[in-house]
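Participant: What follows is each chain in one-letter form.
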Amino acid sequence: MLSRRIIPCLDVKDGQVVKGVRFRDHVVVGAIEDLARRYRDEGADELVFYDITASPEGRRVDRGWVERVARIIDIPFCVAGGIGSVEQARTVLHAGADKVSINSPALRRPELIGELADAFGRQCVVIGIDSLRDDDGQWRVRRDTGSTATTQALPLTTLAWVEEVQRRGAGEIVLNCMGSDGVRAGYDIAQLQAVRAVCAVPLVASGGAGTVAHFVAAFADADVDATLAASVFHDGSIRIGELKRELRANGIEVRDVC
Amino acid sequence: MRVVLVDAGGANLGSVRYALQRLGVDAVLSGDGDVIARADRVILPGVGAAAAAMRRLRALDLVPTLRRLDRPLLGICLGMQLLFESSAEGDVACLGRLSGRVEAMRAMPGIRIPHMGWNGLRPCRASSLLRGIAAGAPAYFVHGYAAAVSAATVASAEHGDAFAAVVQDGEVAGAQFHPERSGAVGQRLLANFLGVA
Chain L
1 MLSRRIIPCL DVKDGQVVKG VRFRDHVVVG AIEDLARRYR DEGADELVFY DITASPEGRR
61 VDRGWVERVA RIIDIPFCVA GGIGSVEQAR TVLHAGADKV SINSPALRRP ELIGELADAF
121 GRQCVVIGID SLRDDDGQWR VRRDTGSTAT TQALPLTTLA WVEEVQRRGA GEIVLNCMGS
181 DGVRAGYDIA QLQAVRAVCA VPLVASGGAG TVAHFVAAFA DADVDATLAA SVFHDGSIRI
241 GELKRELRAN GIEVRDVC
Chain R
1001 MRVVLVDAGG ANLGSVRYAL QRLGVDAVLS GDGDVIARAD RVILPGVGAA AAAMRRLRAL
1061 DLVPTLRRLD RPLLGICLGM QLLFESSAEG DVACLGRLSG RVEAMRAMPG IRIPHMGWNG
1121 LRPCRASSLL RGIAAGAPAY FVHGYAAAVS AATVASAEHG DAFAAVVQDG EVAGAQFHPE
1181 RSGAVGQRLL ANFLGVA
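Protein sequence lines correspond, in order, to chains L and R.
So the first sequence is numbered by my numbering: it starts at 1 and just counts up by one.
So the second sequence is numbered by my numbering: it starts at 1001 and just counts up by one.
Keep in mind that the hints are not guaranteed to be accurate.
Computed footprint of chain L on chain R, listed as stretches where at least three residues anywhere in the stretch have a Cβ under 8 Å from a Cβ of chain L [what the hints assert, rightly or not]:
id : segment
1  : 1046-1058
2  : 1115-1128
3  : 1180-1191
Partial selection, computed: residues in chain L whose CB lies under 8 Å from chain R [said to hold, decoys possible]:
id : residue
4  : A70
5  : L93
6  : R167
7  : R168
8  : G171
From chain L, some residues computed to sit far from chain R (all C-beta separations above 10 Å) [to be verified]:
id : residue
9  : S3
10 : G15
11 : Q16
12 : D45
13 : G84
14 : R122
15 : T148
16 : R184
17 : A185
18 : A194
19 : V216
20 : D221
21 : D235
22 : I238
23 : R245
24 : I252
The hints are simulated quantities; they were obtained by calculation from the structure and are not laboratory data.
Positions of the beta carbon are idealized from the N, C-alpha and C atoms, including for glycine.
The whole structure should be built from the sequences, with the hints applied where relevant.
Facilitator: Below is the structure:
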């Protein structure tokens, strides 16, 4: 039986892992390789490296660290941020990443999703969606959320975009619920449930994890395939081994930590 | 021991090479039929789509080499699928080293495609490939197509339907999962294939 996955997210800025609150005010957490090794040893099922400097500033980023991570890590990892073309995706995948996650570039040019699926197979193509509830109660997509100055609210609803990216070849969707990100009050279960109802590919919950119960709720109530979190793992307030024991005690299938 | 990784453009070439280095084996990357035919062990990695991968093997003139190869051969993920007669992904003829056709996996309620994540291996029969790998040991899968369980299957896994997770027929072997990304279990399978356990 397929296990549910626990995915630490490592925000990478200028070659180091950082953490911000509500996508702002970043502080350094540690070195990329050290954290990658630590989470692998603790029993993470997968890692996401999110290059938060890359996309909004549109500059070329040194991704030598992708190859360094690939050499030392024997679990899968995904690279997000600043990948806007098939060639850029190829560079990252050939450096050793298992998947690439695309967000703003897919909103600018949705054809990119199909091009990536044709080139690498849809299982390599993860679509990240930054979503926020507007005053009228609708969840809508945000673009270029790497900094508050660049963030743009789009008229596109989150549910419509989830359906479109699947038609175009997305192999997995990471839903970043911006309203709950970084404040540790729990995943946005209502939004995850709404997206789950229209999402036939694997769905990853992101934004809001603060306690073990929040992870249990995301799996048990929103039926997500994986949960992503950063700060609760970085500061040690939740240990992955202990989290998995609790999930199993709640009837949720997880991989044994070896 | 000369281990050759077939350079068919698969995106996981680097990862497989690093996994072999962690076992102390420095593999040669090659698209040259003569180099491949003289290797002690040959690994065919693969990430991507079957039709594109077969086009690439044909362009490198490697199809006859891989059909004739008498050395131990391990296909990984798409590389394993290419060992079968054909694939429904792009409706393409493959290498025909194993009988059967690779089909699209079926989505069902609660069964999402692609099959992505850690799933348990179920041994079907004894094989040196599985030495030291316990029943139920988790391996990392990422795929949307699979081969049905057959006489060549040494371990299966289940995602809706059961499918072939590890295959072996004489010198020809394959893993549908990614040993290079499956922690200690994957490392063990690679070591078993290389005979360096």
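Participant: Could you run down the list of hints and mark each one as holding or not?
Facilitator: Hints and how they fare:
1. 1046-1058: Since three or more residues must qualify, the claim that chain L covers the segment 1046-1058 of chain R holds, with 4 doing so at under 8 Å.
2. 1115-1128: holds (count 6)
3. 1180-1191: Contact hint for the segment 1180-1191 of chain R vs chain L: holds, 7 residues under 8 Å.
4. A70: Because about 6 Å separates L/A70 from the closest Cβ in chain R, which is inside the 8 Å limit, the hint holds.
5. L93: holds, 4 Å
6. R167: violated, 14 Å
7. R168: violated, 15 Å
8. G171: Holds, about 5 Å.
9. S3: Not fine: 5 Å to the nearest Cβ puts L/S3 too close to chain R.
10. G15: holds, 20 Å
11. Q16: Since the minimum Cβ distance to chain R is about 22 Å, L/Q16 lies beyond 10 Å and the statement holds.
12. D45: violated, 6 Å
13. G84: holds, 18 Å
14. R122: violated, 6 Å
15. T148: holds, 33 Å
16. R184: holds, 25 Å
17. A185: holds, 27 Å
18. A194: holds, 17 Å
19. V216: holds, 18 Å
20. D221: holds, 15 Å
21. D235: holds, 25 Å
22. I238: Answer for L/I238: holds, closest chain R Cβ roughly 20 Å.
23. R245: L/R245 is indeed farther than 10 Å from all Cβ atoms of chain R, at 16 Å.
24. I252: About 13 Å separates L/I252 from the closest Cβ of chain R, which puts it past 10 Å; holds.
In summary, the numbered hints that this structure violates are 6, 7, 9, 12 and 14.
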